[in-house]
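Heads up: the protein sequence lines correspond to chains B and E, in order.
Counting along the first sequence from 1, when you hit position 74 you're at 74 in the working numbering, and nothing is skipped either side.
Counting along the second sequence from 1, when you hit position 143 you're at 143 in the working numbering, and nothing is skipped either side.
These aren't lab readings, by the way, just hints derived from the structure by calculation.
Quick reminder that beta carbons are idealized off the backbone N, C-alpha and C, glycines included.
Keep in mind that a hint or two might mislead.
[Stated by the list, open to error] With beta-carbon atoms standing in for the labels, derived distance ranges:
(1) B:Arg61 to E:Arg71: 24 to 34 Å
(2) B:Ala563 to E:Gly139: 27 to 37 Å
(3) B:Arg613 to E:Lys76: 35 to 45 Å
(4) E:Arg71 to B:Thr612: 50 to 60 Å
(5) B:Met66 to E:Arg140: 49 to 59 Å
(6) B:Leu560 to E:Arg140: 30 to 40 Å
(7) E:Ser113 to B:Arg61: 24 to 34 Å
(8) B:Gly80 to E:Tyr16: 30 to 40 Å
Chain by chain, the residues run as shown.
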Amino acid sequence: MHIKTHALLPRLDGLLWIIATLILVVLPHFSHIVIWIPPLFFLLLLWRYQIARHQKSLPSRWILLMIALVVIVSIAISYGGRSGIGRNAYLGLLVILCALKLLETSTLRDALLVCFLSYFLIITNFLYSQSIPTALYMGVVMLMATGTLISLNENSLSTRQRLRLSGILLFQAVPVMLVLFILFPRVAGPFWKLPIDAHVSVSGLGDTMSPGAFSDLSLSDEIAFRVKFEGALPPENQRYWRGIVLWHTDGHEWKRVKSLEKHEVKDLKFQTTGDAVDYTVTLEAHNRHWLFALDLPLKAPHKAYINRDYQILSKSPIVDRMRYSLRSYTDYHAKLFTPQHKYLALQLPKDKHLRARALAQQWQQENPQPQAIVQRALQYFNQEPFTYTRTPRLLLDDPIDDFLFKTREGFCEHYAAAFTILMRSANIPARVVTGYLGGTVNPIDHYLIVRQREAHAWSEVWFADRGWVRIDPTAAIAAERIEKESTTLFGFKTQQDSHIISVWQHIRNTWDAINNGWNQWVLGYGPEQQKKLLERLGLEGIDWRGMTLLLVSLISSLLLGYAAWMFLRPQWKHTDPAQKIYRHWCKKMARCGLHRHPSEGPITFAQRISVTRPDLAESVEHIISLYLQTRYHSQFNRLSQLQFAVRHFHP
Amino acid sequence: MISKITPIILDRRHIYILPSKAGLGFMLTLLIMLIGSMNYNNSMGYVLTFLLVSMAIVSILHTHRTLLGLRIEAGKVSPVFVGEPAEFHLWIDNREKATRYNLVWQHDKTKISNNIAANQHVNITIPVPTLQRGRFFLGRVTVYSRFPVGLFHAWSYINLDVSTLVYPQAIGHKNLPLGQETDHAGAGNSGEGEDFIGYRDYQLGDSPRHIDWKAVARGQNWMIKQFGGLNTSTVWLTWKDVSSLQNVEAALSQLCLWILVAESQGAQYGLKIPGCTLEPNTGEQHRDMCLQKLALYH
Chain B
1 MHIKTHALLP RLDGLLWIIA TLILVVLPHF SHIVIWIPPL FFLLLLWRYQ IARHQKSLPS
61 RWILLMIALV VIVSIAISYG GRSGIGRNAY LGLLVILCAL KLLETSTLRD ALLVCFLSYF
121 LIITNFLYSQ SIPTALYMGV VMLMATGTLI SLNENSLSTR QRLRLSGILL FQAVPVMLVL
181 FILFPRVAGP FWKLPIDAHV SVSGLGDTMS PGAFSDLSLS DEIAFRVKFE GALPPENQRY
241 WRGIVLWHTD GHEWKRVKSL EKHEVKDLKF QTTGDAVDYT VTLEAHNRHW LFALDLPLKA
301 PHKAYINRDY QILSKSPIVD RMRYSLRSYT DYHAKLFTPQ HKYLALQLPK DKHLRARALA
361 QQWQQENPQP QAIVQRALQY FNQEPFTYTR TPRLLLDDPI DDFLFKTREG FCEHYAAAFT
421 ILMRSANIPA RVVTGYLGGT VNPIDHYLIV RQREAHAWSE VWFADRGWVR IDPTAAIAAE
481 RIEKESTTLF GFKTQQDSHI ISVWQHIRNT WDAINNGWNQ WVLGYGPEQQ KKLLERLGLE
541 GIDWRGMTLL LVSLISSLLL GYAAWMFLRP QWKHTDPAQK IYRHWCKKMA RCGLHRHPSE
601 GPITFAQRIS VTRPDLAESV EHIISLYLQT RYHSQFNRLS QLQFAVRHFH P
Chain E
1 MISKITPIIL DRRHIYILPS KAGLGFMLTL LIMLIGSMNY NNSMGYVLTF LLVSMAIVSI
61 LHTHRTLLGL RIEAGKVSPV FVGEPAEFHL WIDNREKATR YNLVWQHDKT KISNNIAANQ
121 HVNITIPVPT LQRGRFFLGR VTVYSRFPVG LFHAWSYINL DVSTLVYPQA IGHKNLPLGQ
181 ETDHAGAGNS GEGEDFIGYR DYQLGDSPRH IDWKAVARGQ NWMIKQFGGL NTSTVWLTWK
241 DVSSLQNVEA ALSQLCLWIL VAESQGAQYG LKIPGCTLEP NTGEQHRDMC LQKLALYH
């Protein structure tokens, strides 16, 4: 036999606050957790509410334990197969355990625990999104959760008062929080291995290319990275952002060669001719190792290296937004060329692309100069009716030959692949490079924004005298045969020049600049930024003791300020409110010539008035008696009467 | 500790504040959240954790303010007999424009909680059990509050110099000592009046009609039922009459009972105990004077 506990605490209104807060905080999680958890969560909360409303007994611990066990097993089954027990599984479990905890809550202590858990649930939301809208929403949840904490401690307040008090507390907390945020010593995590699905899958550049296999190019407006240039921007036709180098083709698919990628190269065999371009890239998380750099970077940033493909690779996957500074040269001679490079750069699939090969060999016979063959190929793309379209027909048979001789329509991947095959057929080493081309400058904060839709593919050919040379065959297409790119607004295609578009562009730029500022200053604030900021404040080399001292003294002065504001005001309020009203009345009397002597008490003054102004005697007596009652007999309920009487006293 | 002549005003130096149990639990939650934020390098995690830390810190001021500036005054306390609870009244004056929420007044195991609205003067009653006669001091009252978020516990000690008299318990078996010292002969004669006023020991010559036969049947002493109106009589209540009782407290209790009986009968009564003689008189004031002497006898 177990003892049934009656759900006396929390009281119904406190419970409703807890339930409302829990629902608000769990709501954004519904998209991450397995589908059966939200209904179960609601059901458990409803159950608890019914128990409180009808003053029934709480369910026995055994029943709750059984539910918990069933839930654990179900979660293990739901997640075990697909993605493994990871963050989402733990989250689902936490959500249900919160509801179950509430079902056994009968003391203030338990209720407080659930309230603290709801604070904890807020933080779990930030593991999924830290955007401005999420932060604002969580601000509302904070307000509710703190209101819940107040409700559990004091139930005589109205809903409005609870929210107001909660708002005051949080509002006063913000400056203290800012001091802590900026000065609290930051360390670089993680300390332990994160769960397998700790980082949400994100879109990004793929590491293979299959021209002809997809009939629609991604038009995603998602941001790949942002760039802040130190000096002037490089000209638009130089903004090639180097990503992945693809070597091997089986006739359909192009792949990278991992053995080339793995090794760091010390000697880049790299000669620069033009000016350097310095810039800082803020790369969005893409869960891969590669970092994008303006063609070609000279040195890899911290915790990254340059490999034999002149590609920068991070030592760990980019799971968080990352910032890195680079120096690139747009004019260069890149001469790293090994026998392995040569072998791979001439590789052709067996018995495929026969017409393409024949064409290239024909060009080679006409003029064996490699430069001449490249020119011939570009000429071919320009003069034959090749068109650029983002929605080409599928090419399933032999993508290269079909493209070159039949459809003659496609996007960068088709051109880069076909060009590379033509070069290899003419015995010129060539490879495909993918990355991004271009980017648009946001006029608000002057960051260059590169979006996923700007993904691009081009070729590099090897000339014995000049090294690797970038050739973009897509750029060779006759301008009139490039499909006009239309701007989309809410998914509808509209005219480029319409007014609404410019307004929309402006809104979008502003929002993007705000987001970028948020990313740079709030979300990107870490150990390095803290160090830089302290240096800028003239506090370089400050040790932890100095930091602690600074932190404590800043917070103390803030608190002293609050204390002065909160506690010093009562001092002038301590002049009795009744006395204040009395003084006001004395002023009124003085206006009609009856001045109170400083030593004259209220009773003698009243007597003097009633002698000189018998018409006022009655009202004066009323006021004085009210005054004496409030001031000396502590009958504060008379205060409003006194106030009323003085206000309506017109001598 | 505040020990002053009333009223007491709770000032900054006399209000203490420490984290409550819930506050310690909250700190633990924050610590976990901080470690989580560090591990995931999660900026908003830091923001949330620091915001909660700051909220807790700021709440100290609010909790402190709940007590700050309260004026406490002791009200009148009526004397009681041993065993009855003494009811101490405290007048609490909130002269601020804000309500004081969730104040708890604690004296030993008694807890009284209240809210005091802005500019209000309220009265709370603290019942205190009495076990001994004499002067009884209220002693220390603790006032505390955890408003608004319950993470901090602010308290202050109030030592009001307020006391009350605790009279001896009014019990005893002896009847009023009428007879030898009665001035008006006959009026005090046992069994002459109409009202039953108590028992006395059997003496030779007592009328058998007045013997409490039921008590005799129970094997107790022979007791005489006394009747009589004493409204005009004068009684001396002396130490000699109760000296046969086993101890001082029993003697005082007997005297106490006699005083109450005599007063209720409207008699003139005087008190003669070592170190003090009160001439016969009547009335509440005289009664209270007599009871006070008994309470403070030592």
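Hints versus structure:
1. Under the hint 24 to 34 Å, the C-beta atoms of B:Arg61 and E:Arg71, about 49 Å apart, miss the expected range.
2. For B:Ala563 and E:Gly139, the Cβ-Cβ distance of about 32 Å falls inside the hinted range of 27 to 37 Å, so the restraint holds.
3. Take B:Arg613 and E:Lys76: their Cβ atoms lie about 41 Å apart, and the range 35 to 45 Å holds.
4. For E:Arg71 paired with B:Thr612, a C-beta distance near 38 Å fails the hint of 50 to 60 Å.
5. Distance hint check for B:Met66 and E:Arg140: the Cβ-Cβ separation is about 51 Å, which falls inside the suggested range of 49 to 59 Å.
6. The hinted range of 30 to 40 Å is satisfied by B:Leu560 and E:Arg140, whose Cβ atoms lie roughly 31 Å apart.
7. E:Ser113 and B:Arg61 have their C-beta atoms about 31 Å apart, which keeps the hinted 24 to 34 Å range intact.
8. Taking 30 to 40 Å as the suggested C-beta distance range, the pair B:Gly80 and E:Tyr16 does not conform, at roughly 54 Å.
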